[in-house]
Amino acid sequence: MHLLERYLTAIKFWLPSKQRDDIAAELAANLQSEIDDRASDLGRPLTDDEIAALLKKSGSPILVASRYQEEHRTVSFGRQLIGPILFPFYWIAVKVTLVLLLVPGILPAIILGTRTHGEPIAQLFRALTRVAWLSLPVLLVVTLIFSAIDYGLRRFRLLEKWGSDWDPRKLPTLARQARQVRRSSSIAGIIVNSLFIVWWWNHGSIPYLVVTNSGAQVHFAPVLTALYVPVLLIAFINLAQHWINLAEPDWRWLPPATGLVTSLLGLIVLFPLLGKSPLISISEPNGLPLNAREAAQIQHLLALGLNWLWIGILVVGSIYAWRLAWLAWQTLPRNPPGTTKNGMAHI
Amino acid sequence: MEPNSDLFNNLRLELRRGLLIVAVLAQLRREHYGYTLRKDLAALGIEIDEGTLYPLLRRLETQGLLESEWRAENNRKKRFYKLSRDGRAILKQLLAELEKINASLTRIL
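Just so you know, the sequences run in chain order R and G.
Numbers 165 to 511, taken from my numbering, label the letters of the first sequence in order.
Numbers 397 to 505, taken from my numbering, label the letters of the second sequence in order.
Certain hints may be false.
No farther apart than 25 Å at their CA atoms in a straight line, the calculated lysine-lysine pairs in the PhoX-like style are these [unchecked claim]:
id, chain 1, residue 1, chain 2, residue 2
1, G, Lys478, R, Lys182
2, R, Lys176, G, Lys473
3, G, Lys473, R, Lys221
These aren't lab readings, by the way, just hints derived from the structure by calculation.
Chain G on its own, in the form it takes in the complex:
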């Protein structure tokens, strides 16, 4: 089976979905607006399509994990996001879970 088959792509998407949320939450320990967050994540090796990231930020805010604020920067109004208190607690739990899975996988592999 070719590595770029539909099946591989679907599995890859599933694998990435949860991890992207962890990456976004972790990166938002420091305040960002959508575009700079995407750029910073890309520079760190995590490419996220804008069509995935921007709606994800709103969803995480609705879930109470992020808080946002409209503010002017360079004479342009932008929506800045940062991790909320609940978000910090959840991120801590997620990172612990990720570490456990990673350790288990390392043992398996």
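With the rest of the complex left out, here is chain R:
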């Protein structure tokens, strides 16, 4: 019966969370009845091989779960571009894209606009217009990428092909499935890091932080734009980790190890910038220059932000180091309770 449990646990992984237990219970009842029925016909319990053959006929976990997807939303333009199977992932990608564009595009305008000019509404409107123009081509690219994946899935019947090449006996044990790096986390990581890389690739040297009412543009100083390559490198390392964990969900040590390495990289790269001045440069293509007090305020805010970022990375890095040490400790071979170091039992 372990094989059936392992199969149902693997299916549950892909099911919509609201109905996960209900669907799995119904599937369990139906499969169990079929197993009992066959056993009754044969006059003996089914062997593991026979149960495996029955589960293989039922379909691979991802294929079975995909048939229960309640998602009916699609993206269509004349014909269907993105079907219901991919739509939930597409929707995550759209939301992540918007966050990646909105947060860096609007937050500086709100914070700096409020602190230095007292006209946050005008700043916000300018920033929103800029973000809207930037969003359209990016969202179009995201939609095209997902359409291409959807076309490939349908044209080459990939889900069905993956479904026919699986072996129920190779499903991981229940304990292993519970400990694995969740596939949803790997997929989310791949989407977030891919979008971040595309965004950073194009806008790594953010054109300007804020435009003042007088028309002056506040840029990052060249010393900060030097972060472009290291940040890109960190994003690529994270992307690689999520891809590897998607293929090897048993490698639980990889996320904290990657987190530790990228945190150390972040600390090393940011350290020389702490207390450095200036962190911004100001150009006034059409308008009046910023006054010294406003410039100093922006400089101060940015320096403060960098200090807090460095401390934040230090804390996150320490948490990763602790998790890694804990995993290592758990995997260390230990003497069974009641034995001495050389294996002798206590009397």
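Given the structure of chain R, go ahead and fit chain G onto it with the hints provided.
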């Protein structure tokens, strides 16, 4: 063109899709759970893959055509489905439609 070509299979699937729903609704005038429904339909000559039937039952229930209940049978909990009142009305209309199409097809052929 060979009869087992992709085109034939696609057309066959399209033809079967609607008819399977009628068969499932008709069979659920009497209460069944997923596995026995599949077995009974197979015995009557209508083979439905479990991957098609079990999700279909949930979809028909969401549409209000079926109602279900979890109940124990032989010490195992199972989800029993039966036709709802709306389901009965729709089935009646579908069967009338099917009869009309069948009569027309017979005349054409």
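Hint check results:
1. Of the supplied pair hints, the one linking G/Lys478 and R/Lys182 holds, its CA atoms being roughly 23 Å apart against a limit of 25 Å.
2. Distance check on the hinted pair: R/Lys176 and G/Lys473 sit about 18 Å apart at the alpha-carbon level, within 25 Å; holds.
3. At most 25 Å may separate the alpha-carbon atoms for a hinted pair to count; G/Lys473 and R/Lys221 meet this at roughly 23 Å.
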